[in-house]
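Enquirer: Heads up, the final residue of the sequence shown is numbered 1140 in the working numbering, and it's a clean run with no missing numbers.
Please keep in mind that the hints were generated in silico from the structure rather than gathered at the bench. We put the CB at the ideal spot given by N, CA and C, even for glycine. Incorrect hints may have been included.
Here are the computed distance ranges between Cβ atoms for each label pair [as the list claims (entries may be wrong)]:
{"#": "1", "residue 1": "Ser-1106", "residue 2": "Asp-1057", "range": "30 to 38 Å"}
{"#": "2", "residue 1": "Arg-1115", "residue 2": "Gln-1029", "range": "17 to 25 Å"}
{"#": "3", "residue 1": "Asp-1119", "residue 2": "Val-1060", "range": "28 to 36 Å"}
{"#": "4", "residue 1": "Asp-1108", "residue 2": "Met-989", "range": "25 to 33 Å"}
{"#": "5", "residue 1": "His-1091", "residue 2": "Arg-1056", "range": "34 to 42 Å"}
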Amino acid sequence: MMKPSILFICIGNWTRSQMAETFVHHYAGDRIEAFSAGIQPQPDIHPMTHFVMSEIGEDMAGQHTHHLRDVLVTREGFGYSYVVTMCDDAQERCPPVALARGKHKMHWNFIDPAAVCGSEDEQLAAFRQVRDEVHAQVITWLETVGVRVPVLR
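The task is simple: from the sequences and hints, build the whole structure.
Expert: This is how it looks when you write it as structure tokens:
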């Protein structure tokens, strides 16, 4: 029997969707397959994404950005239990075929921390805020699908 699966879709696949994928791997990787992809993926995960995730003990080594079309082809014939758009822009630009591949569709709207201008401290604050918001949303979702999440990290 196949495990349930979730696909997080963003524009660049270098911040929010990567964070969400990491949290699902951390809490439920043995029970739920997690994937992330971008409509126009960046070449690499944003360095500040790596940094703020490492601050809370999450290792993203081995994760890479993926183009949405490649992720859809890889799972051709299987689809996803859940497809999540991670921002309004991704929801608006997501090809209908990608949404059709999900049994359940969800929309989570997070700001793009990579678009925040300002000092390095201001940018890091935005990445931390989004990390914490994505974390809370993933935990809420996991609990709705029956995955118990420890209270303390």
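Enquirer: Does each hint fit the structure? Answer for all of them.
Expert: Taking the hints in turn, this is what the structure says about them:
{"no.": "1", "hint": "Ser-1106 x Asp-1057: 30 to 38 Å", "result": "36 Å, holds"}
{"no.": "2", "hint": "Arg-1115 x Gln-1029: 17 to 25 Å", "result": "20 Å, holds"}
{"no.": "3", "hint": "Asp-1119 x Val-1060: 28 to 36 Å", "result": "33 Å, holds"}
{"no.": "4", "hint": "Asp-1108 x Met-989: 25 to 33 Å", "result": "44 Å, violated"}
{"no.": "5", "hint": "His-1091 x Arg-1056: 34 to 42 Å", "result": "21 Å, violated"}
Comparing the model with each numbered hint stated earlier shows that hints 4, 5 do not hold.
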